[in-house]
Amino acid sequence: MTQLAEGDPLESPPSVLIEPVMAAPPVALDALALLRALEAVSAEAVSTRHFLSRAAEVIAGAVGAPRCVFWRLRGESLVAVDAEPFGFTVTERRALHSIFVPRSAHDSAARVLWRGQTVAGSTLDTIVDDRYLTVLRSIGIEHHVTVPWQWGGRYLGMIAVYDVLASAHSSHEIAQLVEAAGMAAALVTELQESEHAHSTLAMEEGSRAREAALLREVAGSLTAGDDVSAVFGEAARVAAEVVSPPGLPPRRAAFLQLVGDDTLVTMAEYDITGERFLATYALADFPSLERVVTTGQVVVDDYADLAGHAPRVAELAQRHRLQSRAMVPVRSGGRMVGVLTVGARDDVGFDEDQLQRVTAIANIVGLGLGNTALAQALSREAEQSQELERLKGEFLNVAAHELRSPLGIIKGYISMLRDGTVPEERVAGVLSLVDLKADEMGRLITEMLETARLDAVGLELSLDDVNMVDVAQDAIHAAKHMIDSRHCLRTSGTQDPIIVRGDRARLTTALANLIDNAIKYSPDGGDVDVSWAHGDGAARVEVRDQGIGISAEQLPVLFTRFGRVVTPETSHIRGTGLGLYLSRQTVLRHGGEIELVSEPGSGSTFTITLPLKANGQTG
Amino acid sequence: MDADDAVTVLLIEDDAAAAEMYRLRLAADGYTVLIASDGEQGLRRAVEDRPDLIYLDVRLPKMDGFEVLERLRAEIATASIPVVIVTNYGEPELQQRGLSLGALEFLVKADTTPARLSETFERLSETESVRS
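Those protein sequences? They're chains A and B, same order as listed.
Following the working numbering, the numbering of the first sequence begins with 1 at its first residue and continues without gaps.
Following the working numbering, the numbering of the second sequence begins with 1001 at its first residue and continues without gaps.
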């Protein structure tokens, strides 16, 4: 629908009279009576809404129409919720309440609002907004007179009277009358609203504040993981209060929890009269409830509708004078877990605002239903996340320092090579050392990158037939640069090939890391034994040291990404801790395991186990 | 410098490669170089050999650098030996701590060439922080 601009010609000329409002012809008598009636109504009305509802009735009576609706402008839409439409049944009213007539619609509303024109005596053909048209038609309305509802230069909305009976008054006169009434009503409304503004606002604020406090309390109890069912009662009470307008019989609320996929169980009921309904509802027997559960829609209907298929409930409702109900879905973690129903003893029904507030309560309860476990899971996650951040921070710190050591050597020797401090005969040795240090930095960097990639991508292996004996010997060779006179690296194992299906480079690195570790954690020297064997379909490589060992408490973090075992004894030991983590990830990806046996003070034994290549395995 | 006048420096450093590198320069500059590879050993040698200057790493086995520094200061025999911290930890808090414990300088290894390290004694002498 395109927006009308001032002065735009209408696309399809309406077949009705459309005239700007002119000076009122003498219908003074009727108008005066109407205004007096409105005044009387305003005196006894308890709220703006009440007043407008009565005003609609008065206006309808004055013009001889069975129906009248105040459509109030809310934002860019017209809604009927601020006043009770006069002359409609509960169902019809509900239908009207569900409409938002967009202001920009290319129809009577637009004309009325944008140009201050009156659409009088019109058939419904001029209405272009589908929803509005459909609803009016479904009610059986055939004619409407719609006038702008305005006062003091401001549009408040529009007033529509439907199906005006043929009478002495022309449509035009009716329109003027209604418009005048509208102005009067606006005046009253404004006055009332400003007069009661403070007290209403205060009352409104007060009750909303109470409601908010209740909601917070409910939310607090639920998220604290308290016994959820104990809180249901409280939430039901709040829900009932929220939907009970002042001046009307108090309404009831009930929480039904979904059990299995086919039954709702009443968890809590609140009714000021103490009435109780059914304990369970089989969804098969209650299509409305079922619709709420399966579609997640809010469903509003009459208890009378239940007479056919759920006579018991209909009977209960009748006995307790309940007329209509609204059913709101309760969700938890994306699943439907129950229904919150509210019931009314009046024929006023439920408005959008009430339904929204009840939905809010339902959402909170939904949170609670899933929540005892969820709250714990969430706080665990939060703790873990915090811990992870802390570890990451520490790790980055350690990694940066680790890189500084070899860097310092490289730069130091470069400066000494340049200024001639290094005697000729030592240059070759220095260059070798510098090269090794550069390698060390490279390894550290690779470790860090691998770990980062592991997060994102997972370990990629290039598979081939690999002889673990070769792997062992390569790893030992790589570790030799770390050996000093205090350590003794011994090897033993079969000469026979031990074939596994794997990535040779990564397996070598994994083993080299273990050997590195063994040396680093034997600060007082000692033997480091590397041995290999196979049996029972598995290849085994063992690295044993006589170092400071690892205690049971340290084990859980040992193989984690940032789990350097840091104790006063080990705080000086270089390394980021990534080595063990990567070793384990590598071995796991190969379908193997790393076992650790350790005794603080006596040393540790790491064992890599890998499945032997099965016959028939190919690349 | 003849042997009697030779200035003795003690390197308390667990990284053998770094220690060796500094020794190369210090020896070339005429210093007598002693090396200890952990905190306890460092403390012992300081007491026994009374070096003229101590280069002290922070991260050490058996006793960390700050504790070594505290003990050096507490011990009459070593209290007046100038100490220079040489480490890869450059954080301001650590610098503060080191200086407040009595270290005269705080050098970050990765940013300090052996030549500069070796100049330390002379540099400190100029400011009369050390016995000449």
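Calculated directly from the structure, the hints in this document are not laboratory data.
None of these values were measured; they are calculated from a predicted model.
Even for Gly, the Cβ is constructed at its ideal location relative to N, Cα and C.
Hints may contain errors.
Okay, derived cross-link-like pairs now, EDC-like style, lysine to aspartate or glutamate, Cα gap no bigger than 20 Å in a straight line [said to hold, decoys possible]:
#, chain 1, residue 1, chain 2, residue 2
1, A, K613, A, D464
2, A, K613, A, D524
3, A, K411, B, E1020
4, A, K520, B, D1038
5, B, K1062, A, D484
6, B, K1062, A, E39
7, A, K480, A, D536
8, A, K480, A, E553
9, A, K411, B, E1119
10, A, K520, A, D474
11, A, K520, A, D465
12, A, K613, A, D439
13, A, K411, A, E450
14, A, K520, A, D439
15, B, K1062, B, E1075
16, B, K1062, B, D1052
17, A, K520, B, D1029
18, A, K411, B, E1040
19, A, K411, B, D1111
20, A, K520, A, E542
21, B, K1062, B, E1040
22, A, K520, B, D1064
23, A, K480, A, D524
24, A, K480, B, E1020
25, A, K480, A, D465
26, A, K520, A, D484
27, A, K411, A, D439
28, A, K613, A, D527
29, A, K480, A, D439
30, A, K613, A, D529
The following residues of chain A were derived to be distant from chain B, with all beta-carbon distances above 12 Å [to be verified]:
#, residue
31, P250
32, R319
33, D503
Here are the computed distance ranges between Cβ atoms for each label pair [claimed, not checked]:
#, chain 1, residue 1, chain 2, residue 2, range
34, A, Q386, B, L1099, 30 to 38 Å
35, B, I1076, A, T491, 46 to 54 Å
36, A, S602, B, T1032, 33 to 41 Å
37, A, Q386, B, A1074, 53 to 61 Å
38, A, E394, B, A1006, 38 to 46 Å
39, B, R1050, A, A382, 52 to 60 Å
40, A, H477, B, R1050, 43 to 51 Å
Run the structure past the numbered hints and jot down the numbers of the failing ones, going up. Failing hints, ascending: 2, 6, 7, 8, 11, 12, 13, 16, 17, 18, 25, 28, 30, 37.
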